[in-house]
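Required output: the full structure, derived from the provided sequences and hints.
Residue 2 is where the sequence shown starts when you use my numbering, and the numbers rise one by one after that.
Hints in this document: simulated from the structure, not taken from any laboratory.
Only a predicted model underlies this, so the values are computations on that prediction, with no experimental measurement involved.
Careful, some of the hints might be misleading.
In the EDC-like style, the derived pairs of lysine to aspartate or glutamate whose C-alpha atoms are separated by at most 20 Å in a straight line are [said to hold, decoys possible]:
no., residue 1, residue 2
1, K68, E125
2, K5, E20
3, K126, D99
4, K126, E78
5, K138, D13
6, K9, E60
7, K129, D99
8, K138, E60
9, K89, E78
10, K129, D111
11, K68, D111
12, K5, E62
13, K54, D99
14, K27, E78
15, K9, E78
16, K27, E116
17, K141, E78
18, K9, E25
19, K5, E61
20, K129, E87
21, K81, D111
22, K54, D13
23, K68, E25
24, K54, D4
25, K126, D93
26, K81, E3
27, K9, E87
28, K9, E20
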Amino acid sequence: MEDKFNLKRFIDAQSNTYERALNEIKNGRKTTHWMWYIFPQYYGLGRSSISIKYAINCEEEAIAYLKHPILGSRLVEITKAFLSIENKTAYDVLGGPDDLKIKSSMTLFDIIQSETDLFDSVLEKYFKGNRCNPTIKMLKH
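In C-alpha coordinates, the structure reads:
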(Lines of atoms letter the chains of each structure in order from A and count residues from 1; the text may use other names and numbers.)
(Lines give C-alpha, C1' and ligand atoms only; values in the text may rest on other atoms or scores of the structure.)
Protein backbone atom coordinates (compact mmCIF):
# COMPACT_ATOMS: atom_id res chain seq x y z
CA MET A 1 0.00 0.00 0.00
CA GLU A 2 1.35 3.40 -0.99
CA ASP A 3 2.12 5.77 1.89
CA LYS A 4 1.92 9.11 0.09
CA PHE A 5 2.07 11.09 3.33
CA ASN A 6 4.51 8.93 5.30
CA LEU A 7 1.83 8.04 7.83
CA LYS A 8 4.23 5.31 8.93
CA ARG A 9 5.97 7.98 11.00
CA PHE A 10 2.87 8.07 13.23
CA ILE A 11 2.58 4.27 13.39
CA ASP A 12 6.24 4.03 14.40
CA ALA A 13 5.90 6.74 17.05
CA GLN A 14 2.73 5.21 18.48
CA SER A 15 4.03 1.64 18.53
CA ASN A 16 5.40 1.88 22.06
CA THR A 17 3.30 4.75 23.40
CA TYR A 18 -0.31 4.48 22.27
CA GLU A 19 -1.51 2.14 25.01
CA ARG A 20 0.22 4.26 27.65
CA ALA A 21 -1.35 7.41 26.21
CA LEU A 22 -4.79 5.80 26.20
CA ASN A 23 -4.37 4.67 29.81
CA GLU A 24 -3.25 8.14 30.88
CA ILE A 25 -6.35 9.66 29.29
CA LYS A 26 -8.59 7.01 30.86
CA ASN A 27 -6.99 7.84 34.22
CA GLY A 28 -7.71 11.53 33.65
CA ARG A 29 -4.14 12.87 33.53
CA LYS A 30 -1.44 12.93 30.85
CA THR A 31 1.96 12.30 32.45
CA THR A 32 4.26 11.48 29.51
CA HIS A 33 5.01 13.08 26.15
CA TRP A 34 3.06 11.92 23.09
CA MET A 35 0.70 14.69 21.95
CA TRP A 36 2.40 15.38 18.61
CA TYR A 37 1.73 11.98 17.08
CA ILE A 38 -1.47 11.00 18.91
CA PHE A 39 -3.35 14.28 18.34
CA PRO A 40 -1.54 15.82 15.36
CA GLN A 41 -1.94 19.48 14.45
CA TYR A 42 -1.84 21.30 11.16
CA TYR A 43 1.60 22.32 9.88
CA GLY A 44 2.76 25.75 11.00
CA LEU A 45 1.34 25.73 14.52
CA GLY A 46 4.33 24.18 16.26
CA ARG A 47 7.92 25.36 16.06
CA SER A 48 9.86 22.46 17.58
CA SER A 49 11.45 19.82 15.38
CA ILE A 50 9.13 17.14 16.77
CA SER A 51 5.99 19.21 16.15
CA ILE A 52 7.15 19.83 12.58
CA LYS A 53 7.92 16.13 12.03
CA TYR A 54 4.41 15.10 13.09
CA ALA A 55 2.50 18.01 11.59
CA ILE A 56 -0.32 17.35 9.13
CA ASN A 57 0.64 19.19 5.94
CA CYS A 58 -2.66 19.37 4.04
CA GLU A 59 -6.33 18.42 4.22
CA GLU A 60 -5.68 15.34 2.09
CA GLU A 61 -3.15 14.08 4.65
CA ALA A 62 -5.60 14.70 7.51
CA ILE A 63 -8.24 12.69 5.64
CA ALA A 64 -5.73 9.90 5.01
CA TYR A 65 -4.81 9.88 8.72
CA LEU A 66 -8.46 9.66 9.78
CA LYS A 67 -9.22 6.93 7.22
CA HIS A 68 -6.11 4.91 8.08
CA PRO A 69 -7.27 1.65 9.68
CA ILE A 70 -4.94 1.97 12.68
CA LEU A 71 -4.42 5.71 13.08
CA GLY A 72 -8.05 6.64 12.51
CA SER A 73 -9.40 4.03 14.91
CA ARG A 74 -6.87 5.03 17.56
CA LEU A 75 -7.73 8.71 17.16
CA VAL A 76 -11.42 7.93 17.59
CA GLU A 77 -10.78 5.63 20.57
CA ILE A 78 -8.60 8.06 22.51
CA THR A 79 -10.85 11.00 21.62
CA LYS A 80 -13.86 9.10 23.02
CA ALA A 81 -11.86 8.37 26.17
CA PHE A 82 -10.98 12.06 26.49
CA LEU A 83 -14.61 13.04 25.94
CA SER A 84 -15.79 10.66 28.67
CA ILE A 85 -13.76 12.38 31.41
CA GLU A 86 -16.00 14.20 33.87
CA ASN A 87 -15.44 17.32 35.97
CA LYS A 88 -12.05 18.25 34.51
CA THR A 89 -10.88 20.84 32.03
CA ALA A 90 -8.63 20.07 29.09
CA TYR A 91 -5.86 21.78 31.07
CA ASP A 92 -6.54 19.55 34.09
CA VAL A 93 -6.10 16.45 31.92
CA LEU A 94 -3.37 17.51 29.51
CA GLY A 95 -1.63 20.50 31.04
CA GLY A 96 -0.39 23.38 28.94
CA PRO A 97 0.27 23.88 26.10
CA ASP A 98 -1.18 20.45 25.28
CA ASP A 99 -4.68 21.71 26.04
CA LEU A 100 -4.23 24.09 23.10
CA LYS A 101 -2.77 21.35 20.92
CA ILE A 102 -5.84 19.16 21.34
CA LYS A 103 -8.05 22.13 20.46
CA SER A 104 -6.07 22.51 17.23
CA SER A 105 -6.20 18.80 16.48
CA MET A 106 -9.94 18.54 17.13
CA THR A 107 -10.56 21.61 14.96
CA LEU A 108 -8.57 20.06 12.12
CA PHE A 109 -10.31 16.69 12.22
CA ASP A 110 -13.75 18.22 12.70
CA ILE A 111 -13.33 20.43 9.63
CA ILE A 112 -12.06 17.73 7.26
CA GLN A 113 -14.89 15.26 7.81
CA SER A 114 -18.65 15.22 8.26
CA GLU A 115 -19.29 11.60 9.29
CA THR A 116 -19.10 12.12 13.04
CA ASP A 117 -19.62 14.87 15.57
CA LEU A 118 -17.02 13.35 17.91
CA PHE A 119 -14.40 16.06 17.39
CA ASP A 120 -17.01 18.81 17.57
CA SER A 121 -18.22 17.30 20.85
CA VAL A 122 -14.73 17.69 22.34
CA LEU A 123 -14.65 21.32 21.22
CA GLU A 124 -18.10 21.91 22.72
CA LYS A 125 -17.31 20.22 26.03
CA TYR A 126 -13.83 21.56 26.70
CA PHE A 127 -13.72 24.81 24.73
CA LYS A 128 -17.35 26.03 24.74
CA GLY A 129 -17.52 25.32 21.02
CA ASN A 130 -14.59 27.57 20.18
CA ARG A 131 -12.30 26.38 17.40
CA CYS A 132 -8.60 27.00 16.86
CA ASN A 133 -8.60 30.09 14.65
CA PRO A 134 -5.04 29.63 13.33
CA THR A 135 -5.98 26.11 12.18
CA ILE A 136 -9.08 27.45 10.42
CA LYS A 137 -7.06 30.20 8.70
CA MET A 138 -4.35 27.77 7.55
CA LEU A 139 -6.91 25.35 6.13
CA LYS A 140 -8.46 28.14 4.06
CA HIS A 141 -5.16 28.83 2.27
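Structure-based check of all given hints:
1. Under the criterion of a C-alpha separation no larger than 20 Å, the hint pairing K68 with E125 is inconsistent with the structure, at around 23 Å.
2. For the proposed pair K5 and E20, the alpha carbon gap of about 26 Å is over 20 Å, so the pair is violated.
3. In summary, the hint linking K126 to D99 is supported, as the alpha carbons are separated by about 16 Å, within the 20 Å threshold.
4. Restraint check: the Cα-Cα separation between K126 and E78 comes to about 17 Å, which is no more than 20 Å; the hinted pair holds.
5. With a C-alpha separation of about 30 Å, the suggested pair K138 and D13 falls outside the 20 Å cut-off, and the hint is violated.
6. The hinted pair formed by K9 and E60 meets the criterion: a straight-line CA distance of about 17 Å does not exceed 20 Å.
7. Only pairs whose Cα atoms come within 20 Å are accepted, and K129 paired with D99 is accepted, the gap being roughly 17 Å.
8. Only pairs whose Cα atoms come within 20 Å are accepted, and K138 paired with E60 is accepted, the gap being roughly 13 Å.
9. Taking the CA atoms of K89 and E78, the gap is about 19 Å. The hint holds against a cut of 20 Å.
10. Note on K129 and D111: the hinted pairing holds, with a Cα-Cα distance of about 15 Å set against a maximum of 20 Å.
11. A threshold of 20 Å between alpha carbons decides the hint, and for K68 with D111 the separation of about 13 Å falls inside it, so the pair holds.
12. Of the supplied pair hints, the one linking K5 and E62 holds, its CA atoms being roughly 8 Å apart against a limit of 20 Å.
13. Annotation: proposed proximity of K54 to D99 holds, straight-line Cα distance about 17 Å (limit 20 Å).
14. Pair hint K27 plus E78 holds up; C-alpha atoms about 11 Å apart against a cutoff of 20 Å.
15. Simply put, K9 and E78 have alpha-carbon atoms about 19 Å apart, close enough for the 20 Å limit, and the pair holds.
16. Restraint check for K27 and E116: the C-alpha separation of about 25 Å exceeds 20 Å, so the hint is violated.
17. A hinted pair counts as satisfied when its Cα atoms are at most 20 Å apart, and K141 with E78 does not qualify at roughly 28 Å.
18. The straight-line distance between the Cα atoms of K9 and E25 is roughly 23 Å, outside the 20 Å bound, and the hint therefore fails.
19. Proposed proximity of K5 and E61 is supported: the alpha carbons are some 10 Å apart, at most 20 Å.
20. The straight-line distance between the Cα atoms of K129 and E87 is roughly 15 Å, inside the 20 Å bound, and the hint therefore holds.
21. This hinted pair checks out: K81 and D111 have alpha carbons roughly 14 Å apart, not beyond 20 Å.
22. Annotation: proposed proximity of K54 to D13 holds, straight-line Cα distance about 12 Å (limit 20 Å).
23. Under the criterion of a C-alpha separation no larger than 20 Å, the hint pairing K68 with E25 is inconsistent with the structure, at around 24 Å.
24. For the proposed pair K54 and D4, the alpha carbon gap of about 16 Å is at most 20 Å, so the pair holds.
25. The hinted pair formed by K126 and D93 meets the criterion: a straight-line CA distance of about 13 Å does not exceed 20 Å.
26. In summary, the hint linking K81 to E3 is not supported, as the alpha carbons are separated by about 29 Å, beyond the 20 Å threshold.
27. Of the supplied pair hints, the one linking K9 and E87 is violated, its CA atoms being roughly 33 Å apart against a limit of 20 Å.
28. Of the pairs offered as hints, the one joining K9 and E20 holds, with about 17 Å between alpha carbons and a cut-off of 20 Å not exceeded.
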